[in-house]
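J.: Please model the complete structure; the sequences and the hints are all you need to start from.
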Amino acid sequence: MHELALTESLVGRVADRTVGRRVTAVHVRVGLLSGVVPEAMELCFDVATAGGPLAGATLVIERVPGRIACRACGARSPAEDLVLVCPCGSADVEVVSGRELTLSRVEVLREASCA
Amino acid sequence: MCLTCGCGSDDVRVSLPGSSEPSHLHDHGHEHGHEHGHEHETLVLEERLLAKNDHLAEHVRAFLAVRRMTAVNLMSSPGSGKTSLLERTIAELGDGQPVYVVEGDQETSFDAERIERAGARAVQVNTGSGCHLDAGMVGRSLRALDPVPGSLLFVENVGNLVCPALFDVGEHARTVVISVTEGDDKPLKYPTMFASADLVVVNKIDLLPHVDFDLRRLEDQARSLNRDVTVLALSVRTGEHVRDWYAWLSSLAAHHEERTAAERREEGEPHGAAVGP
Numbered sequence: 001m002h003e004l005a006l007t008e009s010l011v012g013r014v015a016d017r018t019v020g021r022r023v024t025a026v027h028v029r030v031g032l033l034s035g036v037v038p039e040a041m042e043l044c045f046d047v048a049t050a051g052g053p054l055a056g057a058t059l060v061i062e063r064v065p066g067r068i069a070c071r072a073c074g075a076r077s078p079a080e081d082l083v084l085v086c087p088c089g090s091a092d093v094e095v096v097s098g099r100e101l102t103l104s105r106v107e108v109l110r111e112a113s114c115a
Numbered sequence: 116m117c118l119t120c121g122c123g124s125d126d127v128r129v130s131l132p133g134s135s136e137p138s139h140l141h142d143h144g145h146e147h148g149h150e151h152g153h154e155h156e157t158l159v160l161e162e163r164l165l166a167k168n169d170h171l172a173e174h175v176r177a178f179l180a181v182r183r184m185t186a187v188n189l190m191s192s193p194g195s196g197k198t199s200l201l202e203r204t205i206a207e208l209g210d211g212q213p214v215y216v217v218e219g220d221q222e223t224s225f226d227a228e229r230i231e232r233a234g235a236r237a238v239q240v241n242t243g244s245g246c247h248l249d250a251g252m253v254g255r256s257l258r259a260l261d262p263v264p265g266s267l268l269f270v271e272n273v274g275n276l277v278c279p280a281l282f283d284v285g286e287h288a289r290t291v292v293i294s295v296t297e298g299d300d301k302p303l304k305y306p307t308m309f310a311s312a313d314l315v316v317v318n319k320i321d322l323l324p325h326v327d328f329d330l331r332r333l334e335d336q337a338r339s340l341n342r343d344v345t346v347l348a349l350s351v352r353t354g355e356h357v358r359d360w361y362a363w364l365s366s367l368a369a370h371h372e373e374r375t376a377a378e379r380r381e382e383g384e385p386h387g388a389a390v391g392p
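Just so you know, the protein sequences line up as chains A and B, in that order.
Each residue of the first sequence is one higher than the one before, starting from 1 at the first, in our numbering.
Each residue of the second sequence is one higher than the one before, starting from 116 at the first, in our numbering.
No lab work stands behind these hints: they were computed from the structure.
Mixed in with the good hints, there may be bad ones.
[What the hints assert, rightly or not] Output of the computed footprint for chain B on chain A, the stretches with three or more beta carbons under 8 Å from beta carbons of chain B:
no., region
1, 17 to 27
2, 68 to 74
3, 81 to 89
4, 92 to 103
On a predicted model such as this, the values are computed, not experimentally measured, just so you know.
Glycine residues also receive a C-beta, built at the ideal position from the N, C-alpha and C atoms.
T.: Structure representation (structure tokens):
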């Protein structure tokens with residue numbers, strides 16, 4: 001399951017960027033055309049954080065719907081899956097959103113002091 | 116668990132056939148948090164989740180550019196005939212075209228041994244519980260192989276039509292191999308894989324009289340996901356239409372060489388030679 005590898009990589013990256021701080025939430029954007037299943041990432045997050053510096057943190061996933069722009073007619077339309085066809089019938093389209101796999105931000109507890 | 120590269124496992128092993136000393140892929144070093152208190156703060160990061168892998172993939176491509184190599188990432192279900200295709204390719208391309216293979220499997224070095232028997236150098240990556248190869252593993256494998264300039268590199272990914280699609284391993288082209296016994300509806304069942312393919316090889320066409328497989332349907336589905344994809348139907352066992360595959364490889368290498376030469380002229384000098392961060 002590639003979501004596990006991806007989530008472990010995410011957790012490692014966050015841990016590196018937040019050394020010594022308590023992480024309470026990790027926010028990511030997952031495009032619905034990215035090939036990653038958000039629910040699987042949620043499941044993997046608990047496994048990947050258990051016993052480590054991010055234990056107890058929450059994963060917040062913003063699901064980004066797919067959108068395409070048609071090069072033939074110029075229209076923008078939603079894309080539900082990877083069969084990318086404009087309602088005008090053209091398959092000459094560009095994906096404008098839905099492929100995101102982004103670590104957007106992290107919430108941490110502010111430190112009073114750091115010895 | 117490996118928290119460093121996202122390979123999915125810390126039991127990944129890279130080994131050359133015959134060597135008994137597999138090694139782990141990564142250096143680790145983690146500092147652990149300590150508690151203070153108690154006000155929330157937001158750190159805006161805006162990083163791609165695959166940034167590290169994609170960075171390592173660029174290092175792989177830089178290494179390949181210096182050695183004027185062409186690399187193909189071969190992906191499929193288990194049993195579609197990837198290794199057989201490579202065995203035949205190595206034998207038929209002969210000594211004129213040096214070939215190197217990175218073999219990915221969860222366990223065993225069976226495939227790397229088959230490749231070496233066929234006459235090419237191979238390195239076996241055992242991913243343990245991991246379901247795909249990533250750019251870090253391929254970079255490490257390239258250093259172990261130390262390929263000669265002008266050679267062809269095949270990355271035979273872990274057999275599975277889902278996970279490998281997401282990971283750039285530094286290849287120049289992606290090939291999905293599917294056999295006629297698997298069914299003609301696979302592109303729409305595994306759209307991410309087929310959408311990212313440059314070439315779909317339909318193998319085992321010698322079995323077509325015995326199975327319900329509509330080649331046209333498979334092609335239509337593959338093109339609905341990826342209108343520029345090339346589809347080649349062949350039989351590795353009988354050799355029927357295998358020449359089309361060699362022609363595709365040779366045109367890929369020529370196209371790639373031309374592009375690399377153009378980039379060099381633009382930049383005035385070659386890329387750095389190191390693989391790795």
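J.: Taking the hints in turn, state whether each one holds.
T.: Hints and how they fare:
1. 17 to 27: holds (count 8)
2. 68 to 74: violated (count 0)
3. 81 to 89: holds (count 5)
4. 92 to 103: holds (count 4)
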